[in-house]
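Undergrad: Input sequences plus hints: build the corresponding full structure.
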Amino acid sequence: MHPVLETLQQQFPIIIQSVNEDPQRHELSAQVERGGWGDVAQFLHDDPAMAFDHMTDICSVDYPDDFERFEIIYHFLSLPHGTRIRLKVRVTEDDPSLASICHIWAGANFLEREVFDLMGIRFTGHPDLRRILMPEDYDEGYPLRKDFPAEGKGWRSQMDFIPRLDEPVSEWSADEIPSDQRHQFMAGDSPDESKRTTEMLLNMGPQHPSTHGVLRVVLELDGERVTKAVPDLGYLHRGVEKLAEGLNYMQILPHTDRLDYVCAMTNNYAYVRAVEKLVGITIPERAEYVRTIVAEMQRIVGHLFWLGTQALDIGAMTVFFFTFREREVLLDMFEKLCGARLTLNYFRFGGVDSDLTPEIIASLKEFLNTFSAHIEEYDTLLKENRIWLARTKGVAVISGEDAINFGLTGPSLRGSGVAYDIRKLEPYGMYDKVEWEVPLGKAGDTYDRYWIRVEEMRQSARIIEQCLEQIPEGPIIAEDAKVIPPPKPDVMRDMQSLIHHFIIFTQGFKPPKGETYCATEVPKGELGFFLISDGSPRPYRMKIRSPSFVHMGAFDHMARGYLISDIITIFGTYDIVMGECDR
Amino acid sequence: MLDFGVRFALTVSQIGVVMVAVLLTVAALTLLERKVLSWMQDRMGPMEVGPYGILQPVADGLKLFFKEDIIPAGANRVMFMMAPVLSLVPALIGFAVIPFGPNWTVEIFDVEFKPFIISDINIGILYILAFTSIGAYGIILGGWSSNSKYSLLGGLRAAAQLISYELNVGLSIVGVLLLTGSLSMVAITEAQAGGFWNWYFFAFPFPQAIAFGVFIISAVAETNRVPFDLPEAESELVAGFFTEYSGMRFAFFFLAEYANMILVSCVATVLFFGGWQAPFTFLQGTGSFMWVSGIFWFAFKVSAFLFFFFWIRATLPRLRYDQLMRFGWKVLLPIAIGNIVLTAIFAYIFPGS
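Going down the list, the sequences are from chains A and B.
Counted the way this note's numbering counts, the first sequence spans residues 138 to 720.
Counted the way this note's numbering counts, the second sequence spans residues 58 to 410.
I should point out that these hints are in silico values taken from the structure, not numbers from a laboratory.
Note that the structure is a prediction, hence the values are computed from the model and not measured.
Just so you know, not all the hints are guaranteed correct.
[Claimed, not checked] One-sided excerpt, in silico: chain A residues whose CB lies under 10 Å from chain B:
#1 Met337
#2 Leu339
#3 His345
#4 Ile451
#5 Gly452
#6 Met454
#7 Val456
#8 Asn522
#9 Trp525
#10 Val532
#11 Leu700
#12 Ile701
#13 Asp703
#14 Ile705
Every residue gets a Cβ at the ideal spot worked out from N, C-alpha and C, and that includes glycine.
TA: Below is the structure:
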């Protein structure tokens with residue numbers, strides 16, 4: 138048995154009800170008794186042999202037939218040891234409450250609120266337990282419970298909380314935030330409270346040119362200085378997790394395109410990897426190379442998009458057009474590859490949809506030849522520009538410890554000097570066959586995160602170049618008649634193939650009973666899919682661990698004390714996309 | 058009485074010509090800015106309206122003219138309606154003292170008439186500074202009266218910024234005034250006659266190049282252009298002080314910004330680059346040709362400044378509010394004062410040069 142599980146069992150012989158090590162997927166999990174959850178969590182975080190310092194995700198599952206109806210599943214990662222663990226706690230329907238772990242992992246704040254919002258679990262000791270994705274006055278129940286119909290409750294236009302067109306327009310009121318809600322957005326008592334005469338609440342978003350989608354942040358201002366920033370999420374909540382419960386595995390794939398709509402490839406990759414891990418499919422080598430290449434192309438596209446918009450937010454508009462020029466070239470290649478530019482839907486279980494043609498490879502090589510010169514071009518505009526330095530250096534500083542504690546991932550975490558890149562830690566694709574480096578920041582400020590993303594584009598180009606050299610001939614999709622649709626010509630001639638094709642497309646394939654968490658490094662950070670299969674063609678529960686959502690949890694921490702202009706910089710520096718944040 | 062009638066008719070027609078020229082230039086500028094930016098940014102800019110998009114300003118103007126004029130609930134109506142006017146008029150009124158060409162006097166019906174300047178008053182530059190300061194009221198009132206927090210923040214930023222940088226503009230031109238000994242725009246231009254080495258940017262005994270640097274930076278800040286466009290920072294404050302404005306009121310603010318750009322370019326040309334004087338006397342031409350070349354050189358220099366405005370817009374990010382204030386008070390102000398001291402010393406050592 139894994140030493141972590143052994144220690145846990147020795148330390149908490151009664152509280153730990155059972156432990157399980159999945160030999161096939163190398164995953165550790167333990168069932169924890171609800172009363173002792175707080176102690177176990179504290180031990181996991183503090184004990185040097187455990188050191189689970191990074192909170193990955195909190196998921197909740199509803200089993201309506203069980204006595205202890207709800208299961209809350211915590212995912213932790215130990216950065217020093219590189220191990221992941223999954224802890225499950227069961228609570229009953231009569232008393233759906235559990236000890237909050239916000240004080241141990243600050244990142245748990247938003248994740249617990251999400252569980253409360255969608256499943257109705259109350260976390261005792263949580264500082265601000267409110268709905269987060271659904272409207273605050275939503276009283277139709279908890280959407281992720283199994284007794285909530287997947288098709289929704291009635292028409293959207295008849296919901297009480299949405300203003301109706303046939304009703305008179307509400308009267309103009311002096312303030313956009315009602316006085317009874319104001320306290321939620323105000324900072325607590327400060328020592329110099331007596332000096333403050335009046336505060337100003339600025340409602341930034343959801344319609345604002347630079348909140349990167351429909352994000353609303355309520356800022357409490359002291360002059361231009363921000364004393365508290367409260368993000369209000371959920372304007373783009375489409376309930377992908379609930380939808381997924383009614384779709385078979387293949388039908389979910391297009392929905393993942395729409396999560397982080399600027400980086401569809403990597404979303405596909407993350408989802409497809411999770412399902413493959415659940416089913417247990419091995420991928421042909423060429424397909425792995427193609428996947429790695431397109432994922433890195435997507436990373437470049439994502440970072441170019443980020444660089445352009447971040448520079449535009451800070452006021453350097455030319456960079457935006459330059460980066461979009463290069464992005465366009467890559468999108469054209471995607472279009473040749475799979476017919477779409479944004480919602481690509483290119484990955485398939487066991488491989489990819491279409492092969493790289495020599496034409497695409499030639500244009501990709503040509504692009505890579507000029508790409509480093511283009512990066513130099515952005516650098517001439519930004520890297521040593523004194524205004525750019527003044528606007529980014531020392532802005533939105535977050536220390537490495539805080540960044541880990543808030544559960545940040547991706548460039549936002551590496552900017553603070555924490556070397557956590559899933560491509561290195563748990564190599565997938567062809568990342569262990571090529572040479573590349575993980576750029577690390579020092580100061581943890583906006584400039585470091587900018588530098589890291591630019592450097593990552595160079596590294597991505599390196600990876601693509603090496604992959605293009607090494608790529609072998611071969612099939613681009615695995616053969617597994619029960620899961621992967623057989624090739625079309627066979628379907629028309631071969632009875633066996635026709636039957637499999639029919640079954641896969643009418644019922645969907647049935648993965649074995651089980652559960653798995655699979656993390657993938659996308660441009661924004663760690664995108665994880667947690668799948669629970671009950672042996673049916675549809676997932677019993679699918680949880681998306683989206684980096685943008687977790688990053689928004691650290692927004693208040695990073696924004697306090699800065700000016701309004703910096704708030705825009707901070708929006709940008711996370712690289713948030715609301716489609717992924719709200720799901 | 059005839060005397061007065063002729064003078065009145067002449068002046069009004071002169072004002073008309075200048076206003077039409079300025080407003081046409083503004084219209085052209087809106088197109089040119091977009092075109093120049095596009096070329097710098099590897100794109101084409103407006104291409105749809107007319108050949109190469111040259112009718113774009115007409116389309117923009119028509120669109121703005123026919124737009125609904127919205128006054129937000131809770132706005133102070135009088136102030137809200139007054140603010141755009143208060144912003145545009147001072148920007149246009151400054152052109153009254155700009156000498157566009159040689160300081161000739163012609164006699165029409167026994168009335169002395171200067172064709173290339175509307176009014177040669179002896180405190181010309183002071184007059185311009187005074188009126189551009191009034192323009193700040195338009196911005197502040199527009200921001201305050203809109204009853205919007207973004208507008209309010211934009212207006213407050215504008216107030217702080219304009220006061221700080223107005224000071225630097227005023228101090229940076231003192232060197233020129235010391236050398237000329239006059240506040241008249243005509244006198245300043247004529248003092249720089251005889252080749253580009255006499256322009257105050259290069260002139261003996263103390264070149265005003267540093268003062269020019271301070272002046273042009275402050276001028277960019279005063280016209281609310283990138284990198285000092287904080288009052289209207291579109292990515293932070295939506296549109297700053299004119300967030301709530303629409304239709305022609307919005308267009309007035311827009312016109313005022315461009316008119317101000319032209320005005321400060323004219324002032325920079327007159328004060329530091331010899332106004333309508335050619336860089337070499339033989340390029341100036343003689344006799345009746347002189348006014349053509351005069352206007353040409355004046356327009357050329359002004360255009361160069363306008364191009365400079367576009368250029369920095371394409372290049373630089375926006376400063377932050379506190380950085381802007383620090384830069385204005387801690388960097389530009391000491392430089393401007395130092396320049397006055399040095400110029401005064403040199404002017405004392407080399408009197409009459």
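Undergrad: Now look at each hint and say whether the structure bears it out.
TA: These are the hints, each one checked on the structure:
no., hint, result
1, Met337, "holds, 7 Å"
2, Leu339, "holds, 5 Å"
3, His345, "holds, 6 Å"
4, Ile451, "holds, 4 Å"
5, Gly452, "holds, 3 Å"
6, Met454, "holds, 7 Å"
7, Val456, "holds, 9 Å"
8, Asn522, "holds, 7 Å"
9, Trp525, "holds, 5 Å"
10, Val532, "holds, 9 Å"
11, Leu700, "holds, 6 Å"
12, Ile701, "holds, 6 Å"
13, Asp703, "holds, 7 Å"
14, Ile705, "holds, 5 Å"
Violated hints are absent here; each numbered hint is respected by the structure.
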